[in-house]
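Number of protein chains: 2
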Amino acid sequence: MKEPKPASWIQKIPPYVPGTSKETVMERYGIANPVKLASNENPLGPSPMALEALEQTSRRLHLYPDPDATALRKAAAAHFRCKPEQVIAGNGSDEVIDFLCRAYLEPGDEVVIPSCTFSYYRIASLVCGASVRTTAMKDLAIDVDDIVSSVSDGTKIVFLANPNNPTGTCLGREDIMRLVSGLPGHTLLVVDEAYAAFVRRGDFLSAVSLIDSFPNLAVTSTLSKSHGLAGLRVGFCMAGEAVMGTLSRIKPPFNMNMLALKCGEAALADAGFLEKTLRTTWEGLDYLYGQMERLGLPYIPSQTNFVLVRVGRDSDKVCEELMKQGIITRSMNSFGLEGYLRVTVGLPEENRAFVDALEKVL
Amino acid sequence: MKEPKPASWIQKIPPYVPGTSKETVMERYGIANPVKLASNENPLGPSPMALEALEQTSRRLHLYPDPDATALRKAAAAHFRCKPEQVIAGNGSDEVIDFLCRAYLEPGDEVVIPSCTFSYYRIASLVCGASVRTTAMKDLAIDVDDIVSSVSDGTKIVFLANPNNPTGTCLGREDIMRLVSGLPGHTLLVVDEAYAAFVRRGDFLSAVSLIDSFPNLAVTSTLSKSHGLAGLRVGFCMAGEAVMGTLSRIKPPFNMNMLALKCGEAALADAGFLEKTLRTTWEGLDYLYGQMERLGLPYIPSQTNFVLVRVGRDSDKVCEELMKQGIITRSMNSFGLEGYLRVTVGLPEENRAFVDALEKVL
Chain Z
14 MKEPKPASWI
24 QKIPPYVPGT
34 SKETVMERYG
44 IANPVKLASN
54 ENPLGPSPMA
64 LEALEQTSRR
74 LHLYPDPDAT
84 ALRKAAAAHF
94 RCKPEQVIAG
104 NGSDEVIDFL
114 CRAYLEPGDE
124 VVIPSCTFSY
134 YRIASLVCGA
144 SVRTTAMKDL
154 AIDVDDIVSS
164 VSDGTKIVFL
174 ANPNNPTGTC
184 LGREDIMRLV
194 SGLPGHTLLV
204 VDEAYAAFVR
214 RGDFLSAVSL
224 IDSFPNLAVT
234 STLSKSHGLA
244 GLRVGFCMAG
254 EAVMGTLSRI
264 KPPFNMNMLA
274 LKCGEAALAD
284 AGFLEKTLRT
294 TWEGLDYLYG
304 QMERLGLPYI
314 PSQTNFVLVR
324 VGRDSDKVCE
334 ELMKQGIITR
344 SMNSFGLEGY
354 LRVTVGLPEE
364 NRAFVDALEK
374 VL
Chain R
14 MKEPKPASWI
24 QKIPPYVPGT
34 SKETVMERYG
44 IANPVKLASN
54 ENPLGPSPMA
64 LEALEQTSRR
74 LHLYPDPDAT
84 ALRKAAAAHF
94 RCKPEQVIAG
104 NGSDEVIDFL
114 CRAYLEPGDE
124 VVIPSCTFSY
134 YRIASLVCGA
144 SVRTTAMKDL
154 AIDVDDIVSS
164 VSDGTKIVFL
174 ANPNNPTGTC
184 LGREDIMRLV
194 SGLPGHTLLV
204 VDEAYAAFVR
214 RGDFLSAVSL
224 IDSFPNLAVT
234 STLSKSHGLA
244 GLRVGFCMAG
254 EAVMGTLSRI
264 KPPFNMNMLA
274 LKCGEAALAD
284 AGFLEKTLRT
294 TWEGLDYLYG
304 QMERLGLPYI
314 PSQTNFVLVR
324 VGRDSDKVCE
334 ELMKQGIITR
344 SMNSFGLEGY
354 LRVTVGLPEE
364 NRAFVDALEK
374 VL
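Which chain is which? The protein sequence lines are Z and R, in order.
Sequential numbering from 14 applies to the first sequence in our numbering.
Sequential numbering from 14 applies to the second sequence in our numbering.
Excised from the complex, chain Z in its bound form (with noise of 0.2 Å):
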C-alpha cells in the first residue's frame, strides 16, 4: 500500500540528537551522582516562589487553563519592560520560535542565522520548508555586517541570539541598533535574549526596548535559566501590534499548561531568587576564569551562566573523559568549534569538581 507523503521539505531535517543524560553517565561509567554541567541548566534548582505556586494549583489540573495567559503575560510584560498585548507566551522560547516560523514563511523563503549558534533555528526553519543561509564568525562574536550584507530580497527573517549560545559573547547597543537599522522592513528581526539577565556588559541594550520603533522586530526569552524552570517550558515572544496580531492566530488555545502559567507568574515575581542566581553565577565564572588562566586554558569571557573553554585537544574525547570522572560537559565539535568545551557555571562544589576532573584528564 503507497503511504502518505510527507511534505516535500520534511525529509531534509535532520533527527535530534539529544545531549548525554545524567541516567546515561550513571549507567555507562557506573557513576552515583554526576554533576551535569552540560544544559545551562540552573544549579539552584526552581524558583522557590514557583514551588508554592505549585501547590496552591494542583487541585484545578481538570480544568483548562486560561486561553490567554493573561495573569503570565501580564507578569512578563511588568518583568521585561513592555506591555502586556505585546507579549506571548510558549512551551519554552522553541516554541514561540516556532510561532513565529511558521507564521512569517513559506516554503522556499530565506532565513538568516548566524553559522555558530543554538541549533533550534534552524530546524524551525526547515520544518517550515525555509532555506539557511548562515553568516561569518568574527573572534567567535557575531558579525552584524556579514548579517547586514547577507540578507537579500527574499529573506523572511534574521536570528540573532543576544548573548549568543554557545560562544557566550554578547552585541552591545551599538551593534544592536547598527542591526535594527540595517534591515529591510520585509525582514523580521528575531532576538532571542534567553541568556540576557546574565549579561553584565555595561553597554546591553535588551531588544524589547526597541519593539515600539520597528514593527519587523521580535524578542524571545525563557525562564529556563535565569528562573530554574527548564523543566516546565516557559518561554515568551515580545513584539509589536502587527507580529503579535499575526500570532495570535497561530498559537493554539491551549498551548500552556496550567502548572506553567502559574508557576511562571510566581518565579518572575521571585527577584530574590533571581538575584541569588546571577550571584552564584557570576561568582562562579570569575571562579572558573581564575582556574582557566592558572590551567593556561584560553576561555571565551562570557555574558551568559556558561562559558567556553579550549581544552586544546579533542574536546569529544575530554568530554568523554570528564564523564568517567563524573562532570557532564558539552563538546563543542558539532559546532564546528574544534577544541572546545561548553561548562554551565554550577554550584561552587560543582565548579570545583569540574576544575579537579579537567586537571586529572589533561
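Check before you lean on any hint, since a few could be wrong.
Quick partial rundown of chain R residues pointing at chain Z, CB under 7 Å, derived from the structure [said to hold, decoys possible]:
# : residue
1 : Ala20
2 : Pro78
3 : Pro266
The calculated DSS-like cross-link candidates involving lysine-lysine, where the alpha carbons are at most 27 Å apart (straight line), are [to be verified]:
# : chain 1 : residue 1 : chain 2 : residue 2
4 : R       : Lys35     : Z       : Lys87
5 : Z       : Lys35     : R       : Lys87
6 : R       : Lys18     : Z       : Lys25
If you are wondering where the hints come from, they were derived from the structure by calculation, not from laboratory data.
Each residue gets a CB set at the ideal place from its N, CA and C atoms; glycine is no exception.
Position chain R relative to chain Z; hints supplied.
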C-alpha cells in the same frame, strides 16, 4: 516602514473565540460559584495518582525534561495497546494534530473534515495553508460514505473524531473498517479518540488496533477528559513506523514539560480513578436522559461525557439565561446546530442543578 508579510494564508485564519469562563460568569452575573458544564472537563478533579507524582517531581523543575518522553510513552502504549515506538506525546491532542498537519500538508493541499466536529482540525489545517472540504452529517452522525466519496487525488488528510464532539455520536466497527479500507493510500486518516474511554456501544473499535495494518492511519488521544488532566495538556498520537518516523522530525525536543511527563505517566496507571470517572459519567448520562424525557426535550444519546439537548428555542439565549442561574453550558449555534445545547456530565448535584435551572428557564 514596511512590515514583514505573514505567509499568505495566515490572514484567512479566524481568531480563536474562547468559551465563557467561570470568572466571566462570576463577574457578569454576580454568581458566587457557577457550575461549569461547558468544556467536558472531569468533575472528579485530577487523578490522585497524578497529584502524588507532581509533588515528587517539582524539585527537579530546573532540569530539562526527557526529550524522548520514554516513560510516558511506555505507559501510554500499555494503556492504548500498542508499542512505545508507536506513540508520540504532545501538549494535548491539539499539539499532535499540529504535528500531523505540519508533517503532511503543503500549502494548497486539501483536508477533508466532517461539517460538525471539533473545530481545531480546521484551524490546524488552515495554519499550514491547506484548504478544507467539509462532508455532510447524517442525522447528526458522521457520514462515512460522504467522506470516502469526497476524497480526491489532492486529499492529504481526513480528520475523524470518534466519538464525535460535539454530537456525542460514535461510529462502530463496521463503519471504521469501511472508512479505513475505502481511503486511498496517499490520504492519511487521523482518528481522534479523545472520548473513546466513555464509549458504551458494544461494537466500538479503537483504531489503535489497526495501526499495524494501515500505514496511512494515525490515532490521537488525550488525558484531558478521562484522566482529569485538561490543565496539564497531555495528548498522544499513535501510528505505524512511517508516520512515527516523519513525526520524529517535526517534534521539538522539549515540547512536553516534566510535570506533564510524570503526572501523565502516573495518571495512566490510575485505573481506580478511570473506573470512578466512567461510573460517574454513565450514571450522570442516564440521569440526564431520564430528566430530558421527563421535560419532553429531545437529546442525542451520547458515547462521551457530554450530551446534546435540543431546547427548541434560541440556544444562545437559553445558554445566557442558564448562566444567570449559575450554570455554564455551550450553545451549539456556532456549530450550525441551532436550538441545541451541549452539556458536560457533572457530579450528581451539578447535573441536578442544571436540570433545575433548565426547568426555570424554559
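How the hints compare with the structure:
This hint holds: Ala20 (chain R) has a C-beta 5 Å from the nearest C-beta of chain Z, less than the 7 Å allowed. With 7 Å as the threshold, the beta carbon of Pro78 (chain R) comes within range of chain Z, its nearest partner Cβ sitting at about 5 Å, so the hint holds. This hint holds: Pro266 (chain R) has a C-beta 5 Å from the nearest C-beta of chain Z, less than the 7 Å allowed. Restraint check: the Cα-Cα separation between Lys35 (chain R) and Lys87 (chain Z) comes to about 20 Å, which is no more than 27 Å; the hinted pair holds.
Between Lys35 (chain Z) and Lys87 (chain R) the CA atoms are separated by roughly 20 Å; this keeps the pair inside 27 Å, and the hint holds. Straight-line distance between C-alpha atoms of Lys18 (chain R) and Lys25 (chain Z) comes to about 25 Å, which keeps the hinted pair within the 27 Å bound.
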